[in-house]
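Enquirer: These protein sequence lines are chains A and B, in that order. Heads up, the first sequence is in numbering that gives the first Met the number 0, so the first residue is 0 and it goes up one at a time. Heads up, the second sequence is in numbering that gives the first Met the number 0, so the first residue is 0 and it goes up one at a time.
Keep in mind that the hints were calculated from the coordinates and are not lab data. Hints are supplied without guarantee of correctness; some may be wrong.
[As the list claims (entries may be wrong)] Covered stretches of chain A (in silico footprint by chain B; criterion: 3 or more residues with CB under 8 Å from a CB of chain B, positions within the stretch not fixed): (1) 93-100; (2) 118-124; (3) 243-256.
[As the list claims (entries may be wrong)] Derived lysine-lysine pairs resembling BS3-like cross-links, with alpha carbons at most 25 Å apart: (4) B:177 / B:110; (5) A:227 / B:11; (6) B:129 / B:110; (7) B:110 / B:11; (8) B:72 / A:227; (9) B:244 / B:270; (10) B:306 / B:273; (11) B:177 / B:6; (12) B:325 / B:306; (13) B:306 / B:244; (14) B:152 / B:100; (15) A:227 / B:177; (16) B:273 / B:251; (17) A:227 / B:102; (18) B:100 / A:227.
Even for Gly, the Cβ is constructed at its ideal location relative to N, Cα and C.
The chain contents come next:
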Amino acid sequence: METSKKSASLHKANLKRAALPYYYLLPAFILMGVITFYPLIYQVIISFTDFQTKDLLKQLSSPELKYVGIQNYVEIVMGGLPVQNFEFFRILTYNLWWAVTNVMVHVPAGILIAVLLNTQGLWMKRLYRAIYILPIVIPPIVVATVWQNIFDEQYGAMNQLLSVIAGWFGSADPVHIRWLNEYTPPIPWLLPNGPLTLAYYAMMIANFWLGWPFMTMVATGALQSIPKDLYEAASIDGASGSQQFWNVTVPLIRPAMIPAAVYGFTLSFNLFNFVYFMSRGGPARSTEILVTFAYDLVRNLRLFGVAAAFSVIIFFVALIIFLITNRITHATESYSEA
Amino acid sequence: MASVTYKNVVKKFGDSTAVDNINFHVEDKEFLVLVGPSGCGKTTALRLLAGLEEITGGEIQIGDRVVNDVAPKDRDIAMVFQSYALYPHLSVYDNMAFGLKLKKTPKDEIKRRVSEAAEVLGITDLLQRKPRQLSGGQRQRVAVGRAIVREPKVFLFDEPLSNLDAKLRVQMRAEISKLHQRLQTTFIYVTHDQVEAMTMATRIAVINRGKLQQIDSPQNLYDHPNNLFVAGFIGSPAMNFFPAKLRKDGAKLVVDSGDFVVALPADAAKKYEKYEGREVVFGIRPENIHDVHFTPPNIHGETISVKVDVTELMGNEIFLYLVNGKNTFVARVDPRSKMRVGEQAQVMFDMDHVHIFDAQTEEALH
Chain A
0 METSKKSASL HKANLKRAAL PYYYLLPAFI LMGVITFYPL IYQVIISFTD FQTKDLLKQL
60 SSPELKYVGI QNYVEIVMGG LPVQNFEFFR ILTYNLWWAV TNVMVHVPAG ILIAVLLNTQ
120 GLWMKRLYRA IYILPIVIPP IVVATVWQNI FDEQYGAMNQ LLSVIAGWFG SADPVHIRWL
180 NEYTPPIPWL LPNGPLTLAY YAMMIANFWL GWPFMTMVAT GALQSIPKDL YEAASIDGAS
240 GSQQFWNVTV PLIRPAMIPA AVYGFTLSFN LFNFVYFMSR GGPARSTEIL VTFAYDLVRN
300 LRLFGVAAAF SVIIFFVALI IFLITNRITH ATESYSEA
Chain B
0 MASVTYKNVV KKFGDSTAVD NINFHVEDKE FLVLVGPSGC GKTTALRLLA GLEEITGGEI
60 QIGDRVVNDV APKDRDIAMV FQSYALYPHL SVYDNMAFGL KLKKTPKDEI KRRVSEAAEV
120 LGITDLLQRK PRQLSGGQRQ RVAVGRAIVR EPKVFLFDEP LSNLDAKLRV QMRAEISKLH
180 QRLQTTFIYV THDQVEAMTM ATRIAVINRG KLQQIDSPQN LYDHPNNLFV AGFIGSPAMN
240 FFPAKLRKDG AKLVVDSGDF VVALPADAAK KYEKYEGREV VFGIRPENIH DVHFTPPNIH
300 GETISVKVDV TELMGNEIFL YLVNGKNTFV ARVDPRSKMR VGEQAQVMFD MDHVHIFDAQ
360 TEEALH
């Protein structure tokens with residue numbers, strides 16, 4: 000009797016000890032549950048309903064809420080939403096193109112600038128490094144507003160600059176390019192009339208300003224971790240400056256740059272605040288990306304159920320892209336010694 | 000195949016002088032070791048030859064050609080780095096082939112040279128591996144292999160063994176010596192380890208504070224050091240030094256350290272007579288101090304009494320740390336010696352193998 004009592008209390012103590020870690024994790028679980036898992040699950044649920052403004056008061060217990068199965072998903076993908084200028088695959092394609100072209104510009108430019116700033120004996124290196132942090136710390140909405148003004152048709156700095164340049168070539172007319180609103184490009188031979196409007200190019204320029212510093216920062220760190228004697232060995236082996244760049248620098252910063260590029264890709268892919276505040280997806284939804292469209296579904300069309308389904312789709316698109324890039328590029332692989 | 004000549008070579012980094020007016024000539028096929036303590040300028044001297052640093056003054060010749068303004072790749076040299084400096088993203092084969100590929104050497108030729116070098120170094124099985132999959136010793140071999148395939152006129156080694164463990168270092172030492180015999184090329188090798196220098200070099204250049212102290216064969220350097228620095232640097236345990244005075248005692252010339260007085264044998268006395276009265280540093284190597292019970296025959300011995308401070312049994316010999324007055328010194332005696340710690344004992348200096356340096360100039364007296 001005595002021993003069984005003893006063993007029972009021992010058992011209890013062990014159980015208590017085993018449970019202890021979970022007590023510590025509990026606050027985090029609760030927090031994650033409230034701000035992440037609950038909305039996530041809630042969103043998936045309403046993506047199968049025709050949730051609209053009238054359901055906002057009673058939410059899921061609203062008597063008028065209808066479960067429509069996968070109808071929202073079908074309508075998004077196949078077309079059939081009461082929305083102008085919306086074709087899912089066109090927006091998806093543009094969104095991918097937008098993300099890819101951004102990364103393709105930011106990464107090489109970032110590396111190039113990092114290499115230049117890494118030049119030995121360069122004056123005021125620290126100052127440059129402080130300056131290129133600026134775009135990272137300024138909120139994208141501010142950046143978008145500033146660039147929106149730069150590309151303004153009447154008063155924007157870009158048109159004024161072009162007017163001055165045109166003046167050198169004898170043209171007295173002020174330039175009036177409607178950067179963010181023109182649907183048909185004014186210079187057909189330079190920018191063919193296709194799916195990409197002037198707004199796309201304007202946004203590429205603006206987002207370049209926003210995007211390169213991060214790549215430069217990563218590349219600078221990677222460059223500084225390359226041992227100097229590798230370059231010395233290469234110079235004895237007969238490698239010229241550019242051969243050293245391609246045979247030593249590029250392969251050795253690759254392990255750092257690829258995750259950065261993947262990150263940059265996902266960032267550009269979902270760059271809501273910048274795109275929304277710069278062009279609002281226009282003109283005629285030509286610069287719309289998936290997230291801005293999802294927002295539009297809620298804000299203007301009040302189609303909560305459709306927007307929820309749309310978000311779920313975006314999530315899977317982003318996940319698939321990430322898995323593919325990760326597989327192709329071996330982003331997690333490195334040359335470092337095991 | 001080429002000789003190498005340093006003429007009044009100077010290298011300054013800002014205000015500090017790393018290499019201070021160095022002159023020497025390395026014959027074709029020689030194995031020259033540059034040795035000195037860390038920061039003495041030996042590596043800088045080598046890097047000047049490789050073209051990795053710009054010369055401040057003087058000139059360096061490889062063969063008959065002044066190479067001051069020649070790019071590293073055109074100097075016909077190959078270098079093995081302390082860190083090996085292997086390209087981490089390339090396989091062993093590609094590491095070795097890298098320079099040849101840049102020179103647009105035909106593929107068959109590259110293959111032939113790489114497999115030959117791999118054969119010599121015993122790394123044929125590793126050719127497809129990446130550097131991170133290799134041990135330190137294997138990386139070392141690959142670095143040497145990368146140098147071999149270039150078939151250079153001069154091989155440069157910058158402390159190539161310092162990252163290896165002691166056992167491997169001894170083994171690689173022998174292999175590099177073998178390689179030198181096999182390749183019949185000029186080797187210039189930098190190390191701070193005087194054992195490496197002694198075992199591999201045909202000649203050793205001792206450098207200290209950017210200045211060339213002495214350049215000679217290992218044996219000559221050991222037997223006839225030019226100055227106090229060389230005497231103290233070459234040999235392990237290091238030579239014992241005693242501040243002393245040369246004076247006449249009757250007909251004999253003696254070294255008077257204050258605590259002990261030892262007489263020089265007749266021929267040495269004749270040589271040093273002219274320095275009578277001079278403040279000197281008296282030097283004697285540990286192996287020339289014997290236990291009085293185990294002295295070699297026919298030496299001119301001088302006995303002094305000592306107190307035994309520490310004994311280190313090495314098996315084949317015993318290191319004794321001895322005290323005589325204010326002097327402490329090391330003796331390397333016969334393993335049969337019965338001296339024990341704390342004992343008063345007698346040791347014998349072999350006066351045929353002593354070194355006398357000027358106390359002021361630190362130069363050897365002749």
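Enquirer: Would you mind marking each hint as holding or not holding in the structure?
Expert: Hints, verified against the model:
With 0 residues bearing a CB less than 8 Å from a CB of chain B, the stretch 93-100 of chain A misses the requirement of three and the coverage assertion fails. Evaluation of the coverage hint for the stretch 118-124 of chain A: breached, as 0 residues show C-beta separations to chain B shorter than 8 Å, against a requirement of three. Only when three residues or more bring their CB closer than 8 Å to a CB of chain B does the claim for the stretch 243-256 of chain A stand; here the count is 5, and the claim holds. Restraint check: the Cα-Cα separation between residue 177 of chain B and residue 110 of chain B comes to about 23 Å, which is no more than 25 Å; the hinted pair holds.
Restraint check: the Cα-Cα separation between residue 227 of chain A and residue 11 of chain B comes to about 20 Å, which is no more than 25 Å; the hinted pair holds. For a cut-off of 25 Å, the pair hint linking residue 129 of chain B to residue 110 of chain B stands: about 18 Å separates their Cα positions. Restraint check: the Cα-Cα separation between residue 110 of chain B and residue 11 of chain B comes to about 42 Å, which exceeds 25 Å; the hinted pair is violated. With a C-alpha separation of about 17 Å, the suggested pair residue 72 of chain B and residue 227 of chain A falls inside the 25 Å cut-off, and the hint holds.
A threshold of 25 Å between alpha carbons decides the hint, and for residue 244 of chain B with residue 270 of chain B the separation of about 15 Å falls inside it, so the pair holds. Our distance criterion of 25 Å between C-alpha atoms is broken by residue 306 of chain B and residue 273 of chain B, whose separation comes to about 34 Å. With a CA separation close to 30 Å, the supplied pair residue 177 of chain B and residue 6 of chain B exceeds the 25 Å bound. With a CA separation close to 11 Å, the supplied pair residue 325 of chain B and residue 306 of chain B stays within the 25 Å bound.
Simply put, residue 306 of chain B and residue 244 of chain B have alpha-carbon atoms about 23 Å apart, close enough for the 25 Å limit, and the pair holds. With a C-alpha separation of about 19 Å, the suggested pairing of residue 152 of chain B with residue 100 of chain B holds against the 25 Å cut-off. At roughly 30 Å between alpha-carbon atoms, residue 227 of chain A and residue 177 of chain B are farther apart than 25 Å, so this suggested pair is violated. A distance of roughly 13 Å separates the Cα atoms of residue 273 of chain B and residue 251 of chain B; the hinted pair therefore holds under the 25 Å criterion.
As the CA atoms of residue 227 of chain A and residue 102 of chain B are separated by approximately 22 Å, the hinted pair is consistent with the 25 Å bound. As the CA atoms of residue 100 of chain B and residue 227 of chain A are separated by approximately 22 Å, the hinted pair is consistent with the 25 Å bound.
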